[in-house]
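Protein chains: 2
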Amino acid sequence: MPEYKAPLRDMRFLIDHVFDFHTSYANLGAHDASPDMISAILEEGAKFCENVLAPLNRSGDEEGCHFDNGVVTTPTGFKQAFAQYVEGGWHGLAADPAYGGQGLPSSLGLVISEMVGSSNTSWGMYPGLTHGAMSAIHAHGTAEQKDTYLSKLTAGQWTGTMCLTEAHCGTDLGIIKTRAVPRADGSYAITGSKIFISAGEHDLSDNIIHLVLAKLPDAPAGTKGISLFIVPKFLPDAAGEAGERNGVSCGSIEHKMGIKASATCVLNFDAATGYLIGEPNKGLNCMFTMMNHARLGTGMQGLCLGEASFQGAIKYANDRLQMRALTGAKAPQKPADPIIVHPDVRRMLLTMKAFNEGNRALTYFTAQMLDAAHLSSDAEARREAEDLLAFLTPICKAFMTDTGLEVTNHGMQVFGGHGFIREWGMEQLVRDCRIAPIYEGTNGIQALDLLGRKVLGSQGKLLRGFTKIVHKFCAANADHPQLGSFVAQLNGLNQQWGDLTMKVGMAAMKNPDEVGAASVDYLMYSGYIILGYLWLRMALVAQAQLEAGEGEADFLKGKLATCEFYFKRLLPRTSTHQAAIEAGSDCLMNLPAEAFAL
Amino acid sequence: MPEYKAPLRDMRFLIDHVFDFHTSYANLGAHDASPDMISAILEEGAKFCENVLAPLNRSGDEEGCHFDNGVVTTPTGFKQAFAQYVEGGWHGLAADPAYGGQGLPSSLGLVISEMVGSSNTSWGMYPGLTHGAMSAIHAHGTAEQKDTYLSKLTAGQWTGTMCLTEAHCGTDLGIIKTRAVPRADGSYAITGSKIFISAGEHDLSDNIIHLVLAKLPDAPAGTKGISLFIVPKFLPDAAGEAGERNGVSCGSIEHKMGIKASATCVLNFDAATGYLIGEPNKGLNCMFTMMNHARLGTGMQGLCLGEASFQGAIKYANDRLQMRALTGAKAPQKPADPIIVHPDVRRMLLTMKAFNEGNRALTYFTAQMLDAAHLSSDAEARREAEDLLAFLTPICKAFMTDTGLEVTNHGMQVFGGHGFIREWGMEQLVRDCRIAPIYEGTNGIQALDLLGRKVLGSQGKLLRGFTKIVHKFCAANADHPQLGSFVAQLNGLNQQWGDLTMKVGMAAMKNPDEVGAASVDYLMYSGYIILGYLWLRMALVAQAQLEAGEGEADFLKGKLATCEFYFKRLLPRTSTHQAAIEAGSDCLMNLPAEAFAL
Chain W
1 MPEYKAPLRD
11 MRFLIDHVFD
21 FHTSYANLGA
31 HDASPDMISA
41 ILEEGAKFCE
51 NVLAPLNRSG
61 DEEGCHFDNG
71 VVTTPTGFKQ
81 AFAQYVEGGW
91 HGLAADPAYG
101 GQGLPSSLGL
111 VISEMVGSSN
121 TSWGMYPGLT
131 HGAMSAIHAH
141 GTAEQKDTYL
151 SKLTAGQWTG
161 TMCLTEAHCG
171 TDLGIIKTRA
181 VPRADGSYAI
191 TGSKIFISAG
201 EHDLSDNIIH
211 LVLAKLPDAP
221 AGTKGISLFI
231 VPKFLPDAAG
241 EAGERNGVSC
251 GSIEHKMGIK
261 ASATCVLNFD
271 AATGYLIGEP
281 NKGLNCMFTM
291 MNHARLGTGM
301 QGLCLGEASF
311 QGAIKYANDR
321 LQMRALTGAK
331 APQKPADPII
341 VHPDVRRMLL
351 TMKAFNEGNR
361 ALTYFTAQML
371 DAAHLSSDAE
381 ARREAEDLLA
391 FLTPICKAFM
401 TDTGLEVTNH
411 GMQVFGGHGF
421 IREWGMEQLV
431 RDCRIAPIYE
441 GTNGIQALDL
451 LGRKVLGSQG
461 KLLRGFTKIV
471 HKFCAANADH
481 PQLGSFVAQL
491 NGLNQQWGDL
501 TMKVGMAAMK
511 NPDEVGAASV
521 DYLMYSGYII
531 LGYLWLRMAL
541 VAQAQLEAGE
551 GEADFLKGKL
561 ATCEFYFKRL
571 LPRTSTHQAA
581 IEAGSDCLMN
591 LPAEAFAL
Chain S
1 MPEYKAPLRD
11 MRFLIDHVFD
21 FHTSYANLGA
31 HDASPDMISA
41 ILEEGAKFCE
51 NVLAPLNRSG
61 DEEGCHFDNG
71 VVTTPTGFKQ
81 AFAQYVEGGW
91 HGLAADPAYG
101 GQGLPSSLGL
111 VISEMVGSSN
121 TSWGMYPGLT
131 HGAMSAIHAH
141 GTAEQKDTYL
151 SKLTAGQWTG
161 TMCLTEAHCG
171 TDLGIIKTRA
181 VPRADGSYAI
191 TGSKIFISAG
201 EHDLSDNIIH
211 LVLAKLPDAP
221 AGTKGISLFI
231 VPKFLPDAAG
241 EAGERNGVSC
251 GSIEHKMGIK
261 ASATCVLNFD
271 AATGYLIGEP
281 NKGLNCMFTM
291 MNHARLGTGM
301 QGLCLGEASF
311 QGAIKYANDR
321 LQMRALTGAK
331 APQKPADPII
341 VHPDVRRMLL
351 TMKAFNEGNR
361 ALTYFTAQML
371 DAAHLSSDAE
381 ARREAEDLLA
391 FLTPICKAFM
401 TDTGLEVTNH
411 GMQVFGGHGF
421 IREWGMEQLV
431 RDCRIAPIYE
441 GTNGIQALDL
451 LGRKVLGSQG
461 KLLRGFTKIV
471 HKFCAANADH
481 PQLGSFVAQL
491 NGLNQQWGDL
501 TMKVGMAAMK
511 NPDEVGAASV
521 DYLMYSGYII
531 LGYLWLRMAL
541 VAQAQLEAGE
551 GEADFLKGKL
561 ATCEFYFKRL
571 LPRTSTHQAA
581 IEAGSDCLMN
591 LPAEAFAL
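The listed protein sequences derive, respectively, from chains W and S.
Read left to right, the first sequence gives residues 1 to 598 (UniProt numbering).
Read left to right, the second sequence gives residues 1 to 598 (UniProt numbering).
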């Protein structure tokens, strides 16, 4: 199992220098997030994740969750770790102080989430889902609902879920069958069956608060007839404690490829008592509050597992002796050279490093938008941040998980045959990562959301909101003595991005299939350009620090070398995506479905 | 679990029309392989694989192999299936009639191997390794060794292994530690420990014949001091039957990500009796006889698992109802449209189809070279076929496994969340496939073999042997009315291939690291061009048949549509690989190893 160390140096580089969280926190009035506080949080968060969560990752995978007659037991140590997490104040870090949270900015919560996900992705699902439920109740609940649920959820006494998927529908929520029948007391009787419910049943908390999509008897067809309900496992009693058992039960848990320590449940609702949250038939809007949060969190799983894989791979590449360098022995005193001398091993390591650090920068950049959208006192700034968030969320989800999967596969490949053996822990990272491009809306759905809903749906406005930033950045740095050629490369792609979007938009007006035909390649194309922008931002800071004699020279040179690698070896992938986008839909759609046969 | 049906229609299209096996068999004097015989073999092979092997695939994965104090038990049904396989004559199909084989061409053996691998990759490892051992003994054994071992191996009474890897070396066989000490009776005492030995111990056969790399006491250092030994589990007695137990034992089996029903063993040799095969210190040459065979077989695993995944995905894409087509409902009577109406689902399905059918064509093309190299009476034709084989083998191994992994991942993605659940069988195909880019020489090693040893090592001769074929093909079809533009695209790439190779060769003369820096991208670049050539060959036949009113129109139109898809959507990936190749080694090597740190 690769030992996990929180990448604090890179995190601090981004927080202190590239994105200057300190100034934004000051501007947003988040005065509790002082530099000292941030530093303490980073260090203590790292300790907790390294020492408590990481040691449970392999054992959790081997042990998995146990199901026995409706009762789900998490792997050894999970319950205690959750108690420690809550006790350490990590669970309520970014939660509302009115309900016992510490009220720190969301961006800081995400920094800690990365450490959690790298050290133990399965474990991280339990608090992760709870945070999603908290944000939905916070945004859409009544004062009474907030009072009843948020303190308990913030305190980790209770946990939360989101219940969307049914056996016959995942993407297509318009056709859900779960029904909500109004009762005289204002509550609803919820009946139906939900599948793939993460943390749907477990032994970490006293109560589980399910947020459930269901249809009212008079609901219109499709997505406009879905409502959201709070369905607690135990109904709160008069004192606000977990009381009578509600009519919801876990029918089974899934046997999965990965994240085996995360309980994925079938939940059966049998006239369970539910409470409407938000307006009737507007449940999908409420759910999106959770889903945007969850999509960013899922995107981060690509980063988290990629980082864990990279840490294993660099250690192994320095330790494992095999063959001599093509340019002559580099460790002549040893029986062979460490494999890090081989160009192809470096190609894999640099690909991992470039994606991980780029994806981390994308996370922090997006997290700053999240802070601004939540905390800014300026309505125009909030709106701008929300637009950027809407644009970036599907990219974070899909690009970071697809590249994260590539990264974890490279990490396994660096280990050769040992990568395939469970004991080394590298294959678990691939298995754990493989769900991320699927759940929380498949990456195909994210791509449709990006191109169809966000970009074309706004007549290009949401795209222009980002390309303008890149355009200004390129104009300001066009003459940079060391990085000017990369700036020019980025600027060219940034212009091409707009042109290509226009082309797809024109084609889509004639044939809506053009959107679906281009979407996944368009999302990846966009992701590569965005990472190019972020890599240049990092490189500019690194170059300036090196020239000023600040910072750690090795680290900063590593940034510059990885930026160069990214521009020379990874960013050219845009050309393949461009060709695929321009290929149009005919070559996908002309073949009749029957021709896909043996 | 996706139900497996042997893709006989495509197989026949290749055998009868594209590659015309019948004429080559006649020319090579392989008269037993008559059209009727081939047809019967295809149909009976399909039945065996569909009905006997495929049903054991999921259960084999769940059950795995059991280890108990040196004894390895394969999953339920494996032993019986092996007996049926042997009884049906499948094991000896392409083996020498002098030792009980049927003497059919190797290409036919590979056609059946594909069906075996698609229906049950883990199970296929047992006969697969045995075939490798048989070819090494056949090529390098003494008459007595052949008499002793080949009949038993052909009859499946005994099985074989290849024992190369040790804990500290996989790629770097020059540093193996296993020792062979000569004894007075001409045998050797073999002592050492081997790991990752597929089929190293199991319950399918009476005896296991290990082919073991070891060093003689006076051996020169490195790969020039390695010898190959036959080390039977039970020493043959005077009657040629399995007699006294030899000093080789299985210390444990590995717990792996996939191919769980294939026993991967630690084998301990404790002064075990071994018999030198081939010349002293020339063991690696002998082993290469097995390894080339094994590399083609491993490459085919990408095809096999990709095909199984495709079969699952097309069924699911036609069955699963989710959302409406962007162009309006296609199945208005149903609650939603089958997902095959969505362009992005088709993109995944067509990618799968294009790689599978392209990789099958590559396999058959290579198999024809194998036949010619074995059977041609013309020395020049044999030499040409051997050169092409040498060139194609690393590409088959690496390109087909990397694309096969992509294909199985697409298949899983088509299933959405259900793809991640073990019960559906799609994730097993990904796990089973993930080893293929690693073992039998990692794909990185294949790429070095291709670019360094084969292409640059022959001063480009081996490459020109192939580009000439493509050049002639393009010249002959330049004016094709329907396919001419694709011919031009291929022709341009074929020329660029030579130019790019020259450029890398020049750079490598100054800096050997340029080979390693370019190699993996070079191999993939080459693979895409080769598949382009093969797709056009298939498309030309399909177009001609359609015009002549021959064959099944739907099938032939599917070929043409998939060819178009390949040229528009997949072949452009060459541009990204080209950019990476041209990026050179500096951006990989400039960073000091210490800079890969947290």
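Among the clues, some could well be false.
Just so you know, same-sequence chains aren't split out, so a pair can sit in one copy or run between any two.
[To be verified] Dumping the calculated BS3-like pairs for lysine-lysine here, alpha-carbon to alpha-carbon at most 30 angstroms:
{"#": "1", "residue 1": "LYS503", "residue 2": "LYS568"}
{"#": "2", "residue 1": "LYS5", "residue 2": "LYS146"}
{"#": "3", "residue 1": "LYS224", "residue 2": "LYS472"}
{"#": "4", "residue 1": "LYS503", "residue 2": "LYS330"}
{"#": "5", "residue 1": "LYS503", "residue 2": "LYS557"}
Simulated from the structure, these hints should not be mistaken for lab results.
Comparing the hints with the structure gives:
no.	hint	result
1	LYS503 to LYS568	both (27 angstroms within a copy, 17 angstroms between copies)
2	LYS5 to LYS146	neither (37 angstroms within a copy, 56 angstroms between copies)
3	LYS224 to LYS472	neither (41 angstroms within a copy, 61 angstroms between copies)
4	LYS503 to LYS330	between (52 angstroms within a copy, 27 angstroms between copies)
5	LYS503 to LYS557	between (40 angstroms within a copy, 29 angstroms between copies)
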